[in-house]
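S.K.: At position 133 of the sequence shown (counting the first as 1) the number is 133 in full-length UniProt numbering, and the numbers step up by one without a gap.
What the hints contain is simulated information worked out from the structure, not anything from laboratory work.
Hints may contain errors.
As the list claims (entries may be wrong) - Think about it this way: if two alpha-carbon atoms lie no more than 25 Å apart in a straight line, the pair counts; the simulated DSS-like pairs of lysine-lysine are: (1) 17 - 47; (2) 17 - 99; (3) 47 - 99; (4) 18 - 99; (5) 124 - 99.
What the hints assert, rightly or not - Ranges of calculated distance between the beta carbons of each label pair, as one might list FRET restraints: (6) 72 - 143: 37 to 45 Å; (7) 87 - 54: 19 to 27 Å; (8) 75 - 143: 25 to 33 Å; (9) 14 - 134: 18 to 26 Å; (10) 49 - 76: 38 to 46 Å; (11) 14 - 59: 43 to 51 Å; (12) 139 - 5: 49 to 57 Å; (13) 142 - 15: 18 to 26 Å; (14) 16 - 87: 12 to 20 Å; (15) 87 - 14: 28 to 36 Å; (16) 56 - 132: 47 to 55 Å.
A quick note: this is a predicted structure, and the numbers were derived from the prediction, not measured.
Beta carbons: idealized from backbone N, C-alpha and C, even for Gly.
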Amino acid sequence: MPTYVCSVRPNLLDEAKKAEIARAITRNHHEATGAPAYFVQVVIEEKAGAQRYLGGEPASEQIWIRADIRSGRTVEQRSGLMLAIMRDVARIAGVEEEKIWVYLCNLEPTDMVEYGHVLPLPGKEQEWFEALPASLRDYIAALGTKRDGFVL
Numbered sequence: 001m002p003t004y005v006c007s008v009r010p011n012l013l014d015e016a017k018k019a020e021i022a023r024a025i026t027r028n029h030h031e032a033t034g035a036p037a038y039f040v041q042v043v044i045e046e047k048a049g050a051q052r053y054l055g056g057e058p059a060s061e062q063i064w065i066r067a068d069i070r071s072g073r074t075v076e077q078r079s080g081l082m083l084a085i086m087r088d089v090a091r092i093a094g095v096e097e098e099k100i101w102v103y104l105c106n107l108e109p110t111d112m113v114e115y116g117h118v119l120p121l122p123g124k125e126q127e128w129f130e131a132l133p134a135s136l137r138d139y140i141a142a143l144g145t146k147r148d149g150f151v152l
């Protein structure tokens, strides 16, 4: 948790841009909330049969980002996070900021299970991580060290 789903038209983004967007969203979420990067999931959906409309008109350059995140973040954190994601995705995708729409949906941490365990409250990630079995901690730590380093 969190899970960000980016809905884009097919072929708007190449593989390098998709990876850059995933890294930017992960970084922005970590910086805004302090949550570990290993929690951040990014899905980029390109559905060939999907038709996107806005106000009844085709919206081919529009990018919609919907995220389920743990509740407990301040308005300032959420606003800053959404704006940072909007700016980065617009820059990476080469579209106007006005074409990037971001929705954050807050879920109680106790309503989510990841890695086989109920998620911790915001700020309790370190204790949660330390209580995991050693093999799972090793796996998660390896996820965080492939790019910018493991951060709790």
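S.K.: It remains to establish, for every hint, whether it holds in the given structure.
M.R.: Here is what the structure says about each hint:
1. 17 - 47: holds (17 Å)
2. 17 - 99: Since the Cα atoms of residue 17 and residue 99 sit roughly 16 Å apart, the hinted pair holds (cutoff 25 Å).
3. 47 - 99: OK: residue 47 and residue 99 at ~18 Å, within 25 Å.
4. 18 - 99: Given that 25 Å is the threshold and the Cα spacing comes to 17 Å, the pair holds.
5. 124 - 99: Roughly 35 Å separates the two Cα atoms, so the pair is violated.
6. 72 - 143: 37 to 45 Å: violated (23 Å)
7. 87 - 54: 19 to 27 Å: About 20 Å separates the Cβ atoms of residue 87 and residue 54, which means 19 to 27 Å holds.
8. 75 - 143: 25 to 33 Å: Once the Cβ atoms are compared, 30 Å apart, the range 25 to 33 Å for residue 143 and residue 75 holds.
9. 14 - 134: 18 to 26 Å: For residue 14 and residue 134 the Cβ distance comes to about 39 Å; the hint is violated.
10. 49 - 76: 38 to 46 Å: Holds - the Cβ-Cβ distance for residue 49 and residue 76, about 39 Å, lies within 38 to 46 Å.
11. 14 - 59: 43 to 51 Å: Violated: the Cβ-Cβ distance is about 20 Å, outside 43 to 51 Å.
12. 139 - 5: 49 to 57 Å: For residue 5 against residue 139, whose Cβ atoms are near 24 Å apart, the range 49 to 57 Å is violated.
13. 142 - 15: 18 to 26 Å: Taking Cβ atoms as reference, residue 142 and residue 15 lie about 22 Å apart, which means the hint holds.
14. 16 - 87: 12 to 20 Å: The hint (12 to 20 Å, Cβ to Cβ) holds, given that residue 16 and residue 87 are roughly 19 Å apart.
15. 87 - 14: 28 to 36 Å: Cβ of residue 87 to Cβ of residue 14: about 20 Å, so the range 28 to 36 Å is violated.
16. 56 - 132: 47 to 55 Å: holds (49 Å)
Comparing the model with each numbered hint stated earlier shows that hints 5, 6, 9, 11, 12 and 15 do not hold.
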